[in-house]
Amino acid sequence: MSAVHRATPRPNDPPPPPFNAPAARRLRAALGMGPDHVAQTLRASYGLPYVTPHLVVAWERGTAAPSGPELSALAGVLWCSPGELIGRPRTLREHRIARGLAAEDVARAVGHELRAYLRMEETGQWRGSDRQTAVLAGLLALSLADLITVSGHEDRLAELLRSAATTRWQGYVRPVGKLAPLDRRVLERALQRLHQDYQGHMAATLSWGGGSGDAGDDGREFLERVVDHFWAAVEEYSGSR
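Residue numbering for the sequence shown is 1 to 241, as defined by full-length UniProt numbering.
No lab work stands behind these hints, which were simulated from the structure alone. Because the structure is a prediction, the values reported are computed rather than measured. We treat Cβ as the ideally placed atom computed from N, Cα and C, and that holds for glycine. Take these hints with a grain of salt, some might be off.
[Said to hold, decoys possible] Listed next, the in silico EDC-like pairs over lysine to aspartate or glutamate satisfying Cα-Cα at most 16 Å (straight line):
| no. | residue 1 | residue 2 |
| --- | --- | --- |
| 1 | K178 | E188 |
| 2 | K178 | D197 |
| 3 | K178 | E154 |
| 4 | K178 | E159 |
| 5 | K178 | D218 |
[Stated by the list, open to error] Listed next, with one range per pair, are the computed distances between beta-carbon atoms:
| no. | residue 1 | residue 2 | range |
| --- | --- | --- | --- |
| 6 | D228 | G124 | 16 to 26 Å |
| 7 | A141 | P181 | 11 to 21 Å |
| 8 | D130 | Y50 | 19 to 29 Å |
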């Protein structure tokens, strides 16, 4: 098989965004295009002379990932938005690319100098006033969960939620509420749900005859995804008020 050649990344190049390889393959097939056609268009129309059909196939197989500019160009070839080719965005840069926006446009909209904004993308921590954060959330369609992640606070939230699940959840309503300003009743019910699910999960595992090691492994798996469990509970209770 021929080797996959691409432009050599520079040391300061940002990491590629999460790429949805199955979506790229599906969109190409729906257009009746082959990898050779995609590669030819990327070379001729988007100034990417190194792209070969083998590189396109590597993207679609997940053995290589397109850079940000390559992904934007591929979206143009496949007649879709960049967001359709990105897996779940997590960082500020990934959310911006998913919306098909230039860094200059976001910086201008939120009222930051471009250099300061790019620094936030590099560090993965958004820093802005309440007004700027509101503008950013609207521009990039960010949920509260997204804002906490791009602000660099998800690790702290996970730490609090793990404690709420494993100890007395009532003591964590206020600190969690400072990070995630939710309706108090929704927040209380979500934390109580986490606690009950974790404790019930542990009890059920033990009742099945598993040893303490099995229960510990099961409990750790629950706690590793505690942030996802929390937001699922928040969504459920927000809709049932």
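Now for the hints, and whether the structure bears them out:
1. K178 to E188: holds, 13 Å
2. K178 to D197: Distance ~23 Å between K178 and D197 Cα, so the pair is violated.
3. K178 to E154: holds, 13 Å
4. K178 to E159: holds, 14 Å
5. K178 to D218: Status violated; Cα separation ~29 Å.
6. D228 to G124: 16 to 26 Å: At roughly 19 Å between Cβ atoms, G124 and D228 fall inside 16 to 26 Å, so the hint holds.
7. A141 to P181: 11 to 21 Å: Holds: the Cβ-Cβ distance is about 19 Å, inside 11 to 21 Å.
8. D130 to Y50: 19 to 29 Å: With Cβ atoms ~45 Å apart, the hint is violated.
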